[in-house]
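Going by numbering that gives the first Met the number 0, 49 is the number at position 50 of the sequence shown; the sequence numbering is gapless.
Derived from the structure by calculation, the hints contain no laboratory data.
Quick caveat, the model's predicted, so the values are computed rather than measured.
Please note: incorrect hints may appear among the correct ones.
[Claimed, not checked] Label-pair ranges, simulated between beta-carbon atoms:
1) L163 - A116: 34 to 44 angstroms
2) V176 - G133: 10 to 20 angstroms
3) S120 - P38: 17 to 27 angstroms
4) F15 - P134: 12 to 22 angstroms
5) R53 - L163: 10 to 20 angstroms
6) S19 - R55: 33 to 43 angstroms
7) F15 - S161: 16 to 26 angstroms
8) G84 - G133: 20 to 30 angstroms
9) D43 - L163: 16 to 26 angstroms
10) R146 - R112: 11 to 21 angstroms
11) S120 - R55: 30 to 40 angstroms
Glycine residues also receive a C-beta, built at the ideal position from the N, C-alpha and C atoms.
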Amino acid sequence: MTDAGAAFQPGREPQFRPRSAYVGHEVFGHGGGAVLVEPEVARDLRSAAESASRERRIAGGLLYGQALADDDGRYLVVDGFLEAGPGENPSDRVSREGLDSFTLSETDLRLLREDAARMYSAALEVGWWRTLAGPGEFGPRDFATQRELVQPGGAGLLVFGSGLDWGTAYLGPDGQVP
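The task is simple: from the sequences and hints, build the whole structure.
Now the structure itself:
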């Protein structure tokens, strides 16, 4: 995320809106730093993860939404996402050992941000996402990507292609669990 697109910009207070306006959203965390994902976005991300898992690849892209605040603190609402072109990068394939080195390339980022300028002109880039075949955690490459792409207040989502839980969130450049 560029500084101009940082979810929480220094000296600029986010709009006040109670979280109760987002009943039905998928929620990661509570209090300051919570991440709320619009239900249709959560469904579509899970679908992308399931498809990628069947194809033994990793999907990923950027997240769009808004930074808000209420009496419990600041929080993100993710109401849009874009996926990088599937199969375009050698790093989006899962090895026979089940390992990957997924990252969003400079070309992917440029194309995604150009699309976002048209599709999500009123939204902020609030983070990034990627998939895993099943439940898991960020690995070292994911934390490096998080440091590169996410400003304070932004999020990284790890979306699972199988399992009861559909995903997990990591906050800020250090990738803290909300």
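Between V176 and G133, is the Cβ distance one that fits in 10 to 20 angstroms?
Since the Cβ atoms of V176 and G133 sit about 18 angstroms apart, the hinted range of 10 to 20 angstroms holds.
If I claimed the Cβ atoms of S120 and R55 lie 30 to 40 angstroms apart, would that claim hold in this structure?
Holds: the Cβ-Cβ distance is about 35 angstroms, inside 30 to 40 angstroms.
Cβ separation of R53 and L163, checked against the hinted range 10 to 20 angstroms
Distance hint for R53, L163 holds at roughly 19 angstroms.
If you check the beta carbons of S19 and R55, does the distance land in 33 to 43 angstroms?
holds, 41 angstroms
Quick check on a hinted range of 17 to 27 angstroms for S120 and P38, using CB atoms only.
holds, 23 angstroms
Regarding G84 and G133, is the given constraint of 20 to 30 angstroms on their beta-carbon distance met?
holds, 24 angstroms
Does the Cβ-Cβ separation between L163 and A116 fall within 34 to 44 angstroms?
Holds, at about 37 angstroms.
Evaluate the given range 11 to 21 angstroms for the C-beta pair formed by R146 and R112.
holds, 18 angstroms
F15 paired with S161, Cβ distance criterion 16 to 26 angstroms
violated, 38 angstroms
Just to be sure I understand the hint, the distance between the Cβ atoms of F15 and P134 should be within 12 to 22 angstroms; is that true here?
violated, 35 angstroms
Kindly confirm whether 16 to 26 angstroms is satisfied by the beta carbon distance between D43 and L163.
Cβ of D43 to Cβ of L163: about 18 angstroms, so the range 16 to 26 angstroms holds.
When each numbered hint is compared with the structure, violations occur for hints 4 and 7.
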